[in-house]
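Single-letter residue listing:
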Amino acid sequence: MKSGGSLSIWFFTGLCLGVNGALIFARGIYEAIYPPAEKVVLYDLHANIWWGAVLLVLGTIYALRFSPARERARNAGKS
Amino acid sequence: MIPALLVLSSSTLVHLSPVDLVIIVFYFALVLAIGLYLKGQANTGEDFFMAGREMTAWVAGLAFLSANLGSLELMGWAGNSYKYGILAAHWYWIGAIPAMLFLALVMMPFYHICKTHSVPGYLKLRYGQGAQAISSVSFAFMTVLMSGINMYAMAVVMRVVLGWDINFSILVSSLTVAAYVALGGLRSAIFNEVLQFFLIWAGALLIPILGLIEAGGWSGLQAKILQNLTELNVPNPGSYTHLWSTLGNFSDNPMGINWVGIVFGLGAVISMGYWTTDFLVVQRVLSAKDLRSAKLAPIIGAAFKMMVPLIVILPGLLGIALLRDPHTGNLLRLVPANVAWSAEGQAQGLHGYDEVLPLMLARYCGPGLLGLGITALIAGFMSGMAGNVSAFTTVWTYDIYATLINKNASDDAKVRMGRWCTVLGVIVSIGTAYLVMRAQSIMDYVQALFSFFIAPLFGTVILGMLWKRATPAGGWAGLLAGTLSSIGMYTWVKVDPSAVRYVALSMQAQDQAQNMFRALWCCLICVIVTVVVSYMTRPKPDSELKDLVYGLAPIPKDEHVSMFHSPAFWGVVVAIVFVILQIIFW
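Quick note, the sequences are listed as chains D and B, same order.
When the first sequence is numbered by the numbering used here, its final residue is 79 and no position is left out of the sequence of numbers.
When the second sequence is numbered by the numbering used here, its final residue is 586 and no position is left out of the sequence of numbers.
To be clear, the hints were calculated from the coordinates, so they are not data collected in a lab.
For clarity, every value in this text was computed on a predicted model and none was experimentally measured.
It cannot be assumed that every hint is accurate.
[To be verified] Once the Cα atoms are required to be at most 25 Å apart in a straight line, the calculated DMTMM-like pairs of lysine to aspartate or glutamate come out as:
| no. | chain 1 | residue 1 | chain 2 | residue 2 |
| --- | --- | --- | --- | --- |
| 1 | B | Lys39 | B | Asp412 |
| 2 | B | Lys224 | B | Asp252 |
| 3 | B | Lys115 | B | Asp547 |
| 4 | B | Lys224 | B | Glu214 |
| 5 | B | Lys224 | D | Asp44 |
| 6 | D | Lys39 | B | Glu214 |
| 7 | B | Lys289 | D | Glu71 |
| 8 | D | Lys39 | B | Asp412 |
| 9 | B | Lys468 | B | Glu544 |
| 10 | B | Lys224 | B | Glu344 |
| 11 | B | Lys39 | D | Glu38 |
| 12 | B | Lys468 | B | Asp547 |
| 13 | B | Lys557 | B | Glu544 |
Required output: the full structure, derived from the provided sequences and hints.
Structural data, given as structure tokens:
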């Protein structure tokens, strides 16, 4: 898709998911080490750790796959 | 007990931690950055209003769905599933999938070939200025109202979960939407909608996953719902988890509707009208780069639409099964919004139906995940509002300003008008946000609007596309009669509630059931008036209907693509999955 320059929407999506995933994952690790006084339901499942990890991995894959450098190379190859 | 719910009776459900705030601020920064980045790509009318017509099927398809997946959709339908049970899923399945496939495979070629900028624009080509004027004015009116509904939904989230001031949250979020749409036009709206689509899923999907674990799977959830509703003496408690088997009689289900209302009112009229003629969603598909992409986009949207009940309907059902008052341990019963928002309701700490999703979010999501969940709701708000605002801007500029006010407007003037109109649309819709508090639940109000404007529009558009004998006078009169009759029936029931037995065929009919039957009748009235008036007036010659009507529009044959790239193949796959879902949840 011509996205208006070398930044694809999928890059923005990957960036967003990756950053959020990293923050949530890090917070999950912190909570596992220092458990909070007030816990949410099913706290023991540590959803923030595995859900954060899923988002981080997905976001990283997308951000790298559609990185500006790769997009430029792809556009150069087309022209 | 349930720590997250221990604050139910206090003014807010949760308090955000620094990591939550970082996630929310990062999201706002990112959407504004996208708007700024795309500013240079929105210089012509085609760029600003139609995103250059160069979107791929995936981008157009996800934006098509995301524009519909506002916070209104998330919270409103979660609230409705709490209120009506799994019957609410009809609005995602029979109330969406057949219409999306119909748009893709039957109607899209007409929109694509005539290169219209909008649905009212098609009506102008097909019927002339009369039908276009009614359609564009009613659409503009509806979009600003819908935008207001989204704001209200947003304000509810902020009030319930965070205790934020309503005016503050409305102002910050709506100004952000105004900024990125005014800067980058439809392209910016679409880019953000794709981003918001992923955020919504990332933020909301944990609720059904964790909810089902807590409830003991689907069978455990069914058992808990049955037990809880029996305890509360709710009639027909078993009907809350069955999709079709309780639709034989009006009195057998919580909505007070029968299968006729669902199949014909919802499936054949409301849904067809919304998904094929509501320019808010159709505009996204019109931005596709070619006909194959334009046909694939709604099919991609349909595939994901079928999964949305996971993050919307299921949380509502989980709310019935799992929410309890943290102090007494009794079942927590949510109430209509007007009761929850009354002084007495506030004093008692009552919660409205539409608050079920935030309540479930607070139940499972700690710091970090909570920020993501709140961001998902904010993203939903923004995608819903941006969809309305960008559609409003296009219809206003092309179908009202350039048609009725300044017929010689240059392309530059249209883009300038589009940017100003974006800001104006946001300001006007802020004023409508408070109107919706009068409705029992948000979606009842939305469906009332659809029955006023969208249901008759579908009759007019479909006759225009498929019947070349339909005349300009017929189209205009039919659309006007359909709209006025719908508003008339609504007013009749408001003035005399017993009239519901005529409008909705049953005294048990709840708001949603009334909306479905009203839509059905007004669409029929529209079609009948159009046909009668058309036979009394002179039709347009075939030469003026070229590319607009079935039989006179050379539909391009699909390129020679493999089966896996064919829209028809994927349409069949989606249809099969749709049927299987109906059987599973029968």
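Handout entry: Proposed proximity, B/Asp547 with B/Lys468 (alpha carbon, max 25 Å)
Key = It holds: about 11 Å lies between the C-alpha atoms, which stays within 25 Å.
Practice task
Would you check the hint for B/Lys39 and D/Glu38, treating anything up to 25 Å between C-alpha atoms as holding?
Solution key: At roughly 45 Å apart (the allowed maximum being 25 Å), D/Glu38 and B/Lys39 break the hint.
Handout entry: Pair hint outcome, D/Lys39 versus B/Glu214 [Cα-Cα no greater than 25 Å]
Key = Measuring from Cα to Cα gives roughly 15 Å; hence the hint holds.
Problem - Proposed proximity, D/Glu71 with B/Lys289 (alpha carbon, max 25 Å) - result: At roughly 19 Å apart (the allowed maximum being 25 Å), D/Glu71 and B/Lys289 satisfy the hint.
Problem - Given pair status - B/Asp412, D/Lys39, alpha carbons within 25 Å - result: violated, 57 Å
Exercise for the section: Take the C-alpha atoms of B/Lys224 and B/Glu344, compute the straight-line distance between them, and say whether it is at most 25 Å. Expected result: Since the Cα atoms of B/Lys224 and B/Glu344 sit roughly 30 Å apart, the hinted pair is violated (cutoff 25 Å).
Practice task
Quickly compare the C-alpha distance for B/Lys115 and B/Asp547 to 25 Å and report which way the hint goes.
Solution key: holds, 10 Å
Problem - Restraint status (C-alpha distance of B/Lys468 to B/Glu544 at most 25 Å) - result: Satisfied, since the Cα-Cα distance of roughly 10 Å is no more than 25 Å.
Handout entry: Distance restraint between B/Lys224 and B/Glu214, which requires alpha-carbon spacing of 25 Å or less
Key = holds, 11 Å
Exercise for the section: For the pair supplied as a hint, B/Lys557 and B/Glu544, confirm whether the alpha-carbon distance does not exceed 25 Å. Expected result: With a Cα-Cα distance of about 23 Å, the restraint between B/Lys557 and B/Glu544 holds, given a limit of 25 Å.
Problem - Satisfaction of hint between B/Asp252 and B/Lys224, Cα-Cα up to 25 Å - result: Since the Cα atoms of B/Lys224 and B/Asp252 sit roughly 20 Å apart, the hinted pair holds (cutoff 25 Å).
Problem - Pair hint outcome, B/Lys39 versus B/Asp412 [Cα-Cα no greater than 25 Å] - result: holds, 15 Å
Hint check: violations occur at hints 8, 10 and 11; the rest are consistent with the structure.
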